[in-house]
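Chemist: Chain residues, written in single-letter form:
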Amino acid sequence: MELSITKYCQIKNNSFSINGESVFSNTDLSASEFLTALYRHEQVGYPKFFKMDYLSKTGFLAADLLLKDTDFYGDKPKQNLGIFISNKSSSLDTDVAFQQTIGNEYFPSPSVFVYTLPNIVMGEIAIKHKIFGENTFFVNRDFDIKAVCDYVSQAFAESDMQQAIIGWIDYFNQHCEAFVMLVEKRADGTPNFTQEIIQNLYK
Amino acid sequence: MAIVYIQSSNIISPLGFTTEENMRAVVSGKSGLQNFEENTLGVPEAFFASLIDSEKLNNQFLKISDLECTRFEKLAIFSVHNAIENSPINAADSRTLFILSTTKGNVNLLESTLDDERLYLWHSAQVIADFYKNTNTPVVVSNACISGVSATIVAKRMLKTGNYDTVIVVGADIISKFIISGFQSFKALSQEACKPFDVSRIGLNLGEGAATMVLKIADSEDSLPKGTIIIENEAITNDANHISGPSRTGEGLFLGLQSVMKGRTVEEIGFVNTHGTATPFNDEMESIALSRIGLQQVPVQSLKGYFGHTLGAAGLLELVISAESLKQNTIIKSLGYETCGVSNPLNIITETETKDVNRCIKMVSGFGGCNAVCMLKKIC
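In order, the protein sequences belong to chains A and B. Numbering follows my numbering, in which position 86 of the first sequence is assigned residue number 86; successive positions increment by one, without gaps. Numbering follows my numbering, in which position 155 of the second sequence is assigned residue number 155; successive positions increment by one, without gaps.
Bear in mind the hints are in silico, worked out from the structure with no lab data behind them. From a predicted model like this one, the values you see are computed outputs, not experimental measurements. Do not take every clue at face value.
Once the Cα atoms are required to be at most 25 Å apart in a straight line, the calculated SDA-like pairs of lysine to any residue come out as [stated by the list, open to error]:
1. A:K146 - B:S343
2. B:K160 - A:K130
3. A:K76 - A:Y106
4. B:K56 - B:G29
5. B:K63 - B:F131
6. A:K203 - A:I5
7. A:K88 - B:T354
8. B:K216 - A:D150
9. A:K146 - B:N90
10. B:K160 - B:R359
11. A:K130 - B:F281
12. B:K333 - B:E353
13. A:K88 - A:K203
14. B:K160 - A:D144
15. B:K133 - A:D144
16. B:K133 - B:F61
So that you can see chain B by itself, here it is in the shape it has in the complex (with noise of 0.2 Å):
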């Protein structure tokens, strides 16, 4: 049966401008997290979160183009340049398709008008697409916090009806006054680093990131390189029960866990990177869903504390840093926490440390009930 592998990667974000630079920051226990005065961005109040330093992007970004076009662009288009440069990917190619990931987009032009094209998802997109001169129709997937491992799984999919070679799936958000905001008036925002799981957590801190992976199929395992990373089995749910808070039973994460364990044994599974937001109740459905299918007892972890909520780009980051995991035999210790806050005790990796791992999983639950859940496989 056809198979789906990553051939490279990119992670842009505070700790870095490669999946290698962020691998090695989040090894040593680095966050990005930092605290922002008040009306930074235009907020009222001070904020605590990882932003990508302007400047910085500018400058990496001249190196490459002088294209003229917005923070959000060029963080998607670098990313991109980042994961496809001294790789053989063709971008242009009539078998190649750009998938973008994102919630917000150019969001923040709002501030000054309401009617530009920009505005639009899937002119972003466009832009992407064109600036790699690729000619196929982009697709866009915004589907709330889950939208990186949507996109992943219209990446697979894609690929496997037969119209592609390669995919190059980008997730990308910035953080403007227009998303902080919205956050601190759901009072969903922590004022400190965010603590994942513990019994003192408060709130999610935002990030800002891009990722990008590039997908390509093949016909079987053979003919792929050993520590190939692999997209094994995935599951997209809705919990049918409320616009913007979790299920109390976590029924949706727990069909879609069902859905990618099945003909699996909880042993095969390395660990678990859950969405982690230290949101209250989001930990809680988490520990909830992971209790339910037996998987309590497998190390689990939240990247969060190193990044933040990336949003649109969270669920290809942490595939990104998950899939670096299996490689490196590396399970990376949960950044914030210290003693159990959630009913469903579960096994939170708190010492980052070396360990044989073939398999994990990566799951993530968003706004309107939806949930996603992917297994990743290394070759051995």
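Just chain A, with the same shape it has in the complex (with noise of 0.2 Å):
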């Protein structure tokens, strides 16, 4: 069995791009515009997307354009698929807002304070596509690729995950970015499940 990335995705300077092509850009906007225009584009329709804050906006798009068009679509349920997902400013984005409702006007909000954690988005993601598989979120300074790889490989080796989504998914002051793989363990796989080969794609 092999480890292979069957697909990638990466929004980047208000840039979409599937595969390394790009898909959708539009540079006029702001990163919460362009996520928004996005969304519009490609025609997603899940409404729940507006109550969702910024990261988990930038993380279920990614996602859920990576999964377009894969047999892993949908909510036909999936319990042996992974999420991986780590960032550099976890839920700040959104404690931030939190924190705002907390000063001299005391009006704290559960519905932003539910956002103050960076693991929803992978929640976000689990609920559109009836993920039950293992789920956890990283924290990092930058997007540590040979930790991911082999903690993953790892977690892949020792469990019954089949799938996983994996990647980098970061917003904060208006500045966003996604980079997400699917891999998938098959017997007549690629095995480009690597740091170096990781690392070309991730630019």
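If you follow the hints, you should be able to join the two separate chains into one complex; please do so.
Modeler: Structure below.
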């Protein structure tokens, strides 16, 4: 069995690409406006999107468009699909927003507070696509590709996991970046889930 | 097959600054929970919680260092210090890795600044690793309430990659206005001591704490002394149901329990340490998951009545107490419980007593729909 990257998506500098090919971009917009524009352009049709914070919007869109046109899209229950995400800013963008509700005017909002945890983005992805598998959120200064490869390879070896969404999803202060890969354990797969190859794809 | 075991541990809580102090307090039925008047930590309303005395922490910390660092960093650094003191661990070794489990780190700094590197969780982990002169990039796991158990599972796998001989996993969170107001806004807090699984439970208490486990890898059980606790089996799952409410069927937790129970019989499980936050929904969901897997007769406890919910430390702290319980053949009373208040009755432990126990399950669930389950085993 080999671990293969079968598809990858990137959101960076107001541009969205699939497998390295640009699909949609609009540099006139702010990062948050770009996310809504991308949602509309791709006709995602998931009204819950508008309730999400920007980190969840970023990750949700990246993962949704990653799974689109694959066997793993939609609400067929998936027990053996894992999600492994890391980022730099944790949920700091929403932490700042929540802090503003408990200053001089004290009106803490539960709908803001729930997004003050970075792993909520994995929950949003899991809900949309009925993913029951492992989900772990890491925080790093930079995308630590070696650590991710080592850890996820070991997780594949030690569990029933067959596929995983792996990547970097960060949002803070109108700075938005996502890089997500679909990795599958396949007998006929190309063994391209390596540090060197990912380093090349993640530009 | 290589196995991962607990070399040493620490807990810092209002009940003590070592694993032994905390275990003694818990066995004698002491709780760290108390009432805090309005305006404590700047919170307008009164709250019931388990908070660490700052003066005691500062004084103890000064004995090891005069480094200027935040309350959160002190807590984590001091917990590691106590875990590795008197043990042969070399924290600076190139084959030692640090893992930090936290939900909010230094988030209290947002009260005075919006632009400070210390707000980043990776920065906190770096401060801890730097303190111990460890040059490997530390790992941060931030998975809501399951962070501590998640981090332990990450540690086990990192050891199994062969890249490390020792992983030091430290979990910590401090309680601030940010956290209390958030939980208050969810109407999740109880104004009195929490009552996990009880019919009159109304919510949780927050708790402050840090816990550390030093994990190592060995070729086989035979090479380890009797009484050593190993991380035998583990699973992380998602409910795929709701970001802030537990699944009505306990789906994710059930799948996790199913995974760790593979090849095991119910009789082999000495006790189950639940998340047991004492919110109506959490405890109900756990009772459903435990019944579905057939563990409703096994002695069950929640430690929240002693420590409150210590967030990023909780999973680690509760794993450490569970490991001590196995070592001391003691099952600990679930503090605050009187009358069954879940639809699937469980065998809640109502008296702390001596009992031969060789295996236990630690389970936990959190926001984002995540669940983690770990099986600990004592080498006999």
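Chemist: So which of the earlier hints does this model not fit?
Modeler: 1, 2, 3 and 7
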